[in-house]
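Given only the sequences and the hints, what does the whole structure look like? Please build it.
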Amino acid sequence: MQILPGVDRKAPVNQPIVVVAEDGTLADVAVQGPKGLLKGSYNPERNTWTSKASTLDFNTKYTIEATATNGAGNPTTVERTIKTVNPQTLVGISSVSVADDVTVGVGMPIRVTFDAPVKNKKAVEEQLQVKTSTPVVGAWSWESDEVVVFRPKKYWPDNTEIEVVMPLKGVKTGPGAYGEANNEISYQTGDSMVSVYDANKHTLVVKKNGKVVKKFPATSGKP
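In this text, residue positions in the sequence shown follow the working numbering: the first is 1, and each later residue adds one.
Derived from the structure by calculation, the hints contain no laboratory data.
Check before you lean on any hint, since a few could be wrong.
Quick list of simulated restraints, FRET-style, between CB atoms [what the hints assert, rightly or not]:
| # | residue 1 | residue 2 | range |
| --- | --- | --- | --- |
| 1 | K154 | F216 | 21 to 29 angstroms |
| 2 | G71 | S95 | 55 to 63 angstroms |
| 3 | E65 | P135 | 43 to 51 angstroms |
| 4 | K10 | A30 | 21 to 29 angstroms |
| 5 | K211 | P34 | 54 to 62 angstroms |
| 6 | K10 | Y197 | 56 to 64 angstroms |
| 7 | A123 | E163 | 20 to 28 angstroms |
Cross-link-like lysine to any residue pairs, in silico, SDA-like; alpha carbons within 25 angstroms at most [as the list claims (entries may be wrong)]:
| # | residue 1 | residue 2 |
| --- | --- | --- |
| 8 | K10 | Q32 |
| 9 | K131 | P152 |
| 10 | K154 | G210 |
| 11 | K121 | A181 |
| 12 | K83 | G176 |
This one's a predicted model, so the numbers in the text were calculated from it and none came from an experiment.
Just so it is clear, CB atoms sit at the ideal spot from N, CA and C, and this is done for glycine as well.
Here it is, written out as structure tokens:
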């Protein structure tokens with residue numbers, strides 16, 4: 001049998017415990033932690049068991065006992081104990097520029113602020129997801145070691161549902177530092193209200209959802 005992760009100490013918390021019976025089927029798998037048995041599930045062939053995602057805690061011991069049977073029906077039992085990583089620093093999210101269940105304008109960026117510097121920016125950025133009901137092209141960029149911002153290439157589409165998924169628990173953000181928790185928020189944009197000033201024509205055009213609704217004479221003042 002194979003048990004993952006393949007280390008007994010400093011095991012990651014953002015990966016499940018997986019038990020594989022390479023030449024047989026699993027009869028029983030029990031993973032005991034301080035809070036009781038971990039939940040998990042077998043694959044249809046019953047040769048792989050996987051713990052439920054995001055159930056491992058930092059600096060915690062888990063005892064795995066698994067029994068498998070080979071083609072002849074002979075059982076084999078394996079027991080193993082692993083201990084998860086013990087971070088020197090836990091890096092959390094102190095604020096996000098938008099909140100759950102609010103309606104924002106189409107120009108609002110997503111600004112995520114961490115409570116400690118992030119050194120491994122690539123690892124963090126790879127985990128951040130922006131899901132939208134209308135396809136959007138955009139990118140994350142770092143304003144500092146603590147602040148990362150997502151902006152669409154143009155404006156957000158009007159009346160669009162947006163979900164920001166931040167599964168950062170256990171992600172190594174720097175030497176001895178790991179993401180503290182998983183977070184997500186959902187919100188939406190309202191109608192698109194965009195004003196465009198033309199300095200050559202001295203006009204201010206107001207557009208709602210891409211259509212011109214008002215046009216005003218305007219000036220930027222004397223040079």
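Hints, one by one, checked against the model:
In this structure, K154 and F216 meet the distance hint of 21 to 29 angstroms, their C-beta atoms being roughly 23 angstroms apart. G71 and S95 have their C-beta atoms about 57 angstroms apart, which keeps the hinted 55 to 63 angstroms range intact. Checking the proposed 43 to 51 angstroms range against E65 and P135 shows it holds: the Cβ atoms sit about 47 angstroms from each other. Checked against the hint of 21 to 29 angstroms, the pair K10 and A30 passes, with Cβ atoms roughly 23 angstroms apart.
Take K211 and P34: their Cβ atoms lie about 60 angstroms apart, and the range 54 to 62 angstroms holds. K10 and Y197 have their C-beta atoms about 57 angstroms apart, which keeps the hinted 56 to 64 angstroms range intact. A beta carbon spacing of about 21 angstroms between A123 and E163 agrees with the range 20 to 28 angstroms that was offered as a hint. Taken as a hint, the K10 and Q32 pair is honoured in the structure, with Cα atoms around 17 angstroms apart against an allowance of 25 angstroms.
At most 25 angstroms may separate the alpha-carbon atoms for a hinted pair to count; K131 and P152 meet this at roughly 12 angstroms. Between K154 and G210 the alpha-carbon distance is near 13 angstroms, which keeps this suggested pair within the 25 angstroms criterion. Taking the CA atoms of K121 and A181, the gap is about 16 angstroms. The hint holds against a cut of 25 angstroms. Using a Cα cut-off of 25 angstroms, the hinted pair K83 and G176 holds, with the two alpha carbons roughly 16 angstroms apart.
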